[in-house]
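The listed protein sequences correspond, in order, to chains A and B.
Each residue of the first sequence is one higher than the one before, counting from 1 in the working numbering.
Each residue of the second sequence is one higher than the one before, counting from 405 in the working numbering.
Rather than coming from a laboratory, the hints here were simulated on the basis of the structure.
Check the hints yourself; a few may be wrong.
What the hints assert, rightly or not - Straight-line alpha carbon distances no greater than 27 Å define the calculated DSSO-like cross-link-like pairs of lysine-lysine that follow: (1) A/K371 x B/K447; (2) A/K321 x B/K437; (3) A/K17 x B/K515; (4) B/K511 x A/K17; (5) B/K459 x A/K371; (6) A/K321 x B/K459; (7) B/K454 x A/K371; (8) B/K534 x B/K511; (9) A/K371 x B/K437.
Claimed, not checked - Under 8 Å between C-beta atoms, here's a sample of chain B residues computed to sit facing chain A: (10) E430; (11) I433; (12) S458; (13) A479; (14) I480; (15) I481; (16) S519; (17) R522.
Since the structure is predicted, the reported quantities are computational estimates derived from the model, not experimental observations.
All C-beta atoms in this analysis are idealised placements derived from N, C-alpha and C, irrespective of residue type, glycine included.
Chain by chain, the residues run as shown.
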Amino acid sequence: MFDVNQLREDFPILSRKVNGQPLVYLDNAATSQTPKQVVEVISDYYYRYNANIHRGVHKLSQEATDAYEKARATIQNHFNAAHPHEIIFTAGTTESINCIASGYASLLKKGDELLISALEHHSNIVPWQMLCEKTGALLKVIPMTLEGTLDMNAFELLLNSKTQLVFVNHVSNALGTINPIQEIIDKAHQKGAKVLIDGAQASPHIKADVQALDVDYYVTSAHKLCGPTGVGMLYGKSALLNALPAYQGGGEMIATVTFEKTTYADLPHKFEAGTPNIAGGIAFGAALDYMNGIGIETIARYEAELLAYATTALQRIDGLKIYGEAKEKTAVISFNVGSIHPYDIGSILDQMGIAVRTGHHCAQPIMDFYKIPGTIRASFSFYNTFEEIDRLEAGIRRAVAMLQ
Amino acid sequence: MKTIGTIQEEIVEEFSLFEDWMQRYEYMIDLGKSLPLIAEEYKTDSHIIKGCQSKVWVHAELEEDKLNFTADSDAIITKGIIAILIRAFSNQHPKDILAADTDFIDKIGLKEHLSPTRANGLVSMIKQIKMYAVAFQTQLN
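Starting from the given sequences, assemble the full structure and let the hints guide the process.
This is the structure in structure tokens:
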């Protein structure tokens, strides 16, 4: 039985006050809050078994290694990867993407084509631009429609035998649009292209099954789904990851080292140079356990109700325009009111204890497309309530009255 | 003519009269409406202050030995912030602007009530005003 008030007790931060008002946290697409259960896993690690992993002979190292590898197995099961070594721990989505982009630098040649979508976060644009500069490959962009969805006809026209890689986010961070990734993967594969899906915004709401999707690479960050910052994952098919050059050199990722030649360790260690974020990795697993304890589908159902309620509430406000009106979207509302600058409304909401994001959301091309400087983005999580949406609506009304 | 220090004291006193930050924000919005607006021809990239997330343009002109500032922004609260600064520093001699303290900003408590990006923008605005003062002081010498 889903009980939001009981769940909120897992999140001490939700009962704090901001500027004298009870906090209304609606910036979940930027980072989600961390439940006690996950924080306790982190402190337990440091209090009881903090040790370096994979090489110590002693008990603590063994316990830490077991916990870390158990977390890898939890992530593997969650995303239904075929093997645990297909899950690479990284510092987060951005590092995961850079790892792949760096690996492809030696695999691409001049004239190869890369396809990205117009809905991407800067972290899924810039590494590929850098890769194109290095290799002479061409970056092409799948255009978007006014309602904030991908133009799939244009996508098919852009795909051709020169297309080596396609990168699309599962869910747009700025608009909440859920992209038709299955169709994108299938069509790209028909042309022999590989596909990387950025799952950072999808993971808290949608359980991706990487084998069913037949996706080549899937990346996400723990902090979007109730885990800590600074840790994430790169899923890649074994054969592809084996063929990809190592990303960073260092300890942990080697098999043998002599000054003449180093041979690399097998997956996943080949991509995990240096001492990793051990507590973070273990907590990532704990965060998935926490989310799965509630049930991702239960979460998605409740968030859909929040989204419907908030959309209706906000649309009652004169002059409020919502950007991103895809039929399939997560609980994100990106909006502006009249010609009022998003920072102005965001600042006043902050005075009322309401946390939203304002700006271009690291997706400037989308803002350029709509010819706006940015939006206000309210993004909801399973621990938000209908009362909080009422406060958001009232807050926006008050801010608009002050600013007009 | 009032000194920069006197004007700053007045501003600090005005802000202390309000009970909460919502009222101070309302006041800043009002101040923004009285901002001496920059001429459209100066709303160019060379007049944009870097480090602000909303757009802010500032222009300075010397009248006899006094420096006058005009400005604009696409965000209303930002206009209020720049209006406070212009009230403190406009119609003053460049050397006085250069010598002036800016701790009245801390006394108002403005920085801590701005988002980190806006607080950075505020620092950039002060820096720009001081830069204009340096440039015109050199011209006067």
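Hints and how they fare:
A threshold of 27 Å between alpha carbons decides the hint, and for A/K371 with B/K447 the separation of about 19 Å falls inside it, so the pair holds. For the hint pairing A/K321 with B/K437, the CA-to-CA distance comes to about 25 Å; that is within 27 Å, so the pair holds. A hinted pair counts as satisfied when its Cα atoms are at most 27 Å apart, and A/K17 with B/K515 qualifies at roughly 19 Å. Restraint check for B/K511 and A/K17: satisfied, since their Cα atoms lie roughly 24 Å apart, inside the 27 Å limit.
For the proposed pair B/K459 and A/K371, the alpha carbon gap of about 15 Å is at most 27 Å, so the pair holds. Restraint check for A/K321 and B/K459: satisfied, since their Cα atoms lie roughly 22 Å apart, inside the 27 Å limit. A hinted pair counts as satisfied when its Cα atoms are at most 27 Å apart, and B/K454 with A/K371 qualifies at roughly 21 Å. As the CA atoms of B/K534 and B/K511 are separated by approximately 20 Å, the hinted pair is consistent with the 27 Å bound.
Taken as a hint, the A/K371 and B/K437 pair is honoured in the structure, with Cα atoms around 25 Å apart against an allowance of 27 Å. With a least beta-carbon distance of about 6 Å to chain A, the hint placing B/E430 at the interface is held under the 8 Å criterion. Because the smallest distance between the Cβ of B/I433 and any Cβ of chain A comes to about 6 Å, under 8 Å, the interface hint for this residue holds. Hint status for B/S458: holds, given a least beta-carbon distance of 5 Å to chain A, under 8 Å.
The interface hint given for B/A479 holds, since its Cβ lies 4 Å from the closest Cβ of chain A, which is under the 8 Å cut-off. Annotation: interface hint on B/I480 holds; nearest CB of chain A at approximately 5 Å, less than 8 Å. Interface hint at B/I481: satisfied, since its Cβ lies 5 Å from the closest Cβ of chain A, which is below the 8 Å cut-off. At about 6 Å, the closest approach between the beta carbon of B/S519 and any beta carbon in chain A falls short of 8 Å, and the interface hint on this residue holds.
This hint holds: B/R522 has a C-beta 7 Å from the nearest C-beta of chain A, less than the 8 Å allowed.
In this structure, every one of the numbered hints holds.
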